[in-house]
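All chains, full assembly: derive it from the sequences and hints.
So the protein sequences, as listed, match chains D and R. Each residue of the first sequence is one higher than the last, beginning at 1 in the numbering used here. Each residue of the second sequence is one higher than the last, beginning at 1 in the numbering used here.
Simulated from the structure, these hints should not be mistaken for laboratory data. Some clues are possibly wrong.
[Stated by the list, open to error] Here are the simulated distance ranges between beta carbons: (1) D:V86 / R:R345: 29 to 39 Å; (2) D:D15 / R:R336: 36 to 46 Å; (3) R:R274 / D:D15: 33 to 43 Å; (4) D:K22 / R:S428: 30 to 40 Å; (5) R:D372 / D:T84: 54 to 64 Å; (6) D:T84 / R:D342: 25 to 35 Å; (7) R:S428 / D:D26: 17 to 27 Å; (8) D:D26 / R:R445: 24 to 34 Å; (9) R:K450 / D:K219: 50 to 60 Å.
Note that the Cβ used here is the ideal one computed from N, Cα and C, for glycine as well.
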Amino acid sequence: MKIKLQIKRFNPEKDRAPWWGKYEVDVEPNDRLLDALHEVKWRQDGTLAFRRSCAHGVCGSDAMKINGRNRLACKELVRNLSRTIVVEPLMGFRVLKDLIVDMEPFFKKYRQIHPYLVNEDPEEPGRERLQTPAERSRFEDTTKCILCAACTTACPSFWTNPDYVGPASIVQAHRFIFDSRDRAGAERLHILNESEGVWRCRTVFNCAEACPRGIDVPKAIAEVKRALVFKKI
Amino acid sequence: MTIPTHRFEALVVGGGGAGLYAALTLSREGIPTAVLSKLYPTRSHTGAAQGGIGAALGNTEEDHPEWHMYDTVKGSDYLADQDAVEILCREAIETVYELEHLGLPFNRTPEGKIDQRRFGGHTREQGKAPVRRACYAADRTGHMILQTLYQQCIRRQVRFFDEFHVLDLVLEEGSGGRRCAGVVAMDLASGELHLFHAQAVLFATGGSGRMFQVTSNAHALTGDGMAVAFRRGIPLEDMEFFQFHPTGIYKMGILLSEACRGEGGVLRNALQERFMERVAPTIKDLAPRDMVSRAIYQEIRQGRGIGGKDYVHLDLTHLGQETLEKKLPDIADFVRTYMGLDPARDLIPVQPTAHYSMGGIPTNVDGEVMQDEKDTPLPGFYAAGECACVSVHGANRLGTNSLVDILVFGRRSGMTMSRYIRHSGWPSLPSQGLDWAQALLERLRNAQGKEKAATLRRELQQEMMESCGVFRREQSLSLLLKKLEVWEGRFLEIGLQDRSRRFNTELLEAIELQNLLVLARVTVASALARTESRGAHAREDYPKRDDENWLKHTLAAGENGKVVLKYKLVVITKFQPQERKY
Ligand SMILES: Cc1cc2nc3c(=O)[nH]c(=O)nc-3n(C[C@H](O)[C@H](O)[C@H](O)COP(=O)(O)OP(=O)(O)OC[C@H]3O[C@@H](n4cnc5c(N)ncnc54)[C@H](O)[C@@H]3O)c2cc1C
Ligand code: FES
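Laid out in structure tokens, this is it:
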């Protein structure tokens, strides 16, 4: 089937302003939008730039705005989209070229919340630390995050305040705060309690709809807020 | 023009499981370390690994490293080096515990221990019945490994150069022989070349599945590290052994993990028959991948593919919603998203998908790269993970053994490197170190030819699938070898549209294609020479394994533009080769 793509293009090396590239490609209904972008790149315009790797929604490379919503290009089948598909880079980060944005500020936010297990208790070599399935289930959902930035760049609070840590970092913090093996929950809660922390969240919850991994982001945020209010994890 | 130059004691090329574990080990040893990766580390394909990591913890039933070792050797069709396999299976256990201590959220048993499940080829008491050996975190075990290691590297402030594409290895040619002195890389964001000077370099660049049309491998898996090493005179080992995983989503190649069958799923042909019962009466659908992939092709050839077509069905309908949602949630999601099917109700069309490179850069058990069949190390150069060949997988890898491999040998490499760095001193940087990379970029940036990289790549992938896939024969392999020469000629005639510097992904894809072409030639030449069938290498014209002549590793080296094949012996310690039955 034939579909039309309107892709927001911008190469700061030569363009003064962004412009719309319009393309028509022949695809199978079961093709991913990513396949359609490749059709453009491989047959029509080799200068089109976007990131991608796994092509099945697990590496987090190709989050972009597709018909106005943040999605992974490799997880959207063209048959489920309109005949003309509008593709833009994620909002809120500097565009480096076409659909590629500067992810460094995103990873900086991620690093802010100490995204690693902290536990200095002596380990018993040759044995695991025990954790019951019930304990594990408290943070299982937030371990799914692939750091694609779809949630953070869908968040109006982030658009108006680029210093806000954003939903992705809260999700990452949640993953450790609620892990029974971790000992740095209080530290992370302290960071999230500061002015650019979790209270910037105005419960608009665009993030809920944006997460390609189906993480219940609002629930994670609410649990972090609750832990702060009741001083209890 | 001055080229930015960086200096680190240790360089790790690749931010997947192998590279990150090595980097973590090095930084714990107090060695200043940089990781260069063409992708953000968390985008590495280790993150796509689903099913599990094998270790004989014995948490849910009796198990022993010796049993694991036996299965791995047998699975390898006796081509694995048994001294290395022994280390793999022994250290698997401490590695899994260490991962847990680093924070990996494994699924747990009711008592809170790491839970384990069944996987292909893993058995109790040398083949009696399937055993629960795969430790797992739902069906995103690789994702959790990658995240955990990246997190700990951040904690240790490992230096990352993200989106740096390594183009070449820099070697110092001294009177005492060659020594590794660093790498040349392109910063993708600016298109600029950088020179990295180091005492020790590790390649952990992953696989090369993009050689084939239908593959479970990411677009980025173009075998760069192997190709770079080969160009610098390092032979590649056992490249004819490429694993096809039996259950890729039809036409797309997206993997549906063996864990599906580990949890009880079965394969069915057009007659609804569970054909693996015929092929492997004892462990049935959990037979090793080479056998299951061949069995699927046989069903298809004998007209029992679904609707007469080239696929069969994976049946998960009897597993129940709960198992699907708790243990295979991502897989259930892939089936829904990409096929529009409900795994709890529908049968899933699958076909073998190019999955894993058993071959690679030859190393010993300490990660040191060997330059020849006499096992002469190249000082300062190390390799680990899928791009390396230790060899622990021989002619066919068992499921869950790659994650063990990348971690056990990633860590060992890190330890060896830190020992080496403490006494080695600095190599000098040769003045011509940048020449090759500069010339390549210069040529490609001005390439105005009429050939398109994308078209060439498509032809390569189709033909490799057709003639160098699950089944092979002399005639088609020789023909393919000739075509490869033609394609390499055509590659010199390509033209690129993108003349800009920043994120020139068209240029990047051309460089990757050049690597694939080199590796395809090595693979086909090695496959053509090996006149026997062993593991994943199935020659229709030589259907039997031939231990008398072929119980040996291939080493393919480039000499004056030709691939020259040499061989070295397999290390056999505990298990003598036997006929492989399951
Ligand atoms: C879908 C799927 C499921 C799997 N499931 C399992 C499983 O359940 N159990 C199991 O044991 N194994 C599994 N495997 C196999 C296993 O995941 C891989 O073999 C393993 O993860 C490879 O790890 P690695 O660290 O060697 O390479 P990768 O994780 O592929 O990392 C390669 C790294 O090298 C970098 N790189 C590559 N080229 C360059 C360059 N030129 N310059 C700079 N950087 C470069 C990349 O950016 C990347 O960071 C699976 C594989 C696939 C595809
Ligand atoms: S390409 Fe990996 S998530 Fe889309």
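Against the structure, the hints:
1. D:V86 / R:R345: 29 to 39 Å: holds (35 Å)
2. D:D15 / R:R336: 36 to 46 Å: Since the Cβ atoms of D15 (chain D) and R336 (chain R) sit about 39 Å apart, the hinted range of 36 to 46 Å holds.
3. R:R274 / D:D15: 33 to 43 Å: About 59 Å separates the Cβ atoms of R274 (chain R) and D15 (chain D), which means 33 to 43 Å is violated.
4. D:K22 / R:S428: 30 to 40 Å: With Cβ atoms ~54 Å apart, the hint is violated.
5. R:D372 / D:T84: 54 to 64 Å: holds (59 Å)
6. D:T84 / R:D342: 25 to 35 Å: About 30 Å separates the Cβ atoms of T84 (chain D) and D342 (chain R), which means 25 to 35 Å holds.
7. R:S428 / D:D26: 17 to 27 Å: violated (55 Å)
8. D:D26 / R:R445: 24 to 34 Å: holds (30 Å)
9. R:K450 / D:K219: 50 to 60 Å: holds (56 Å)
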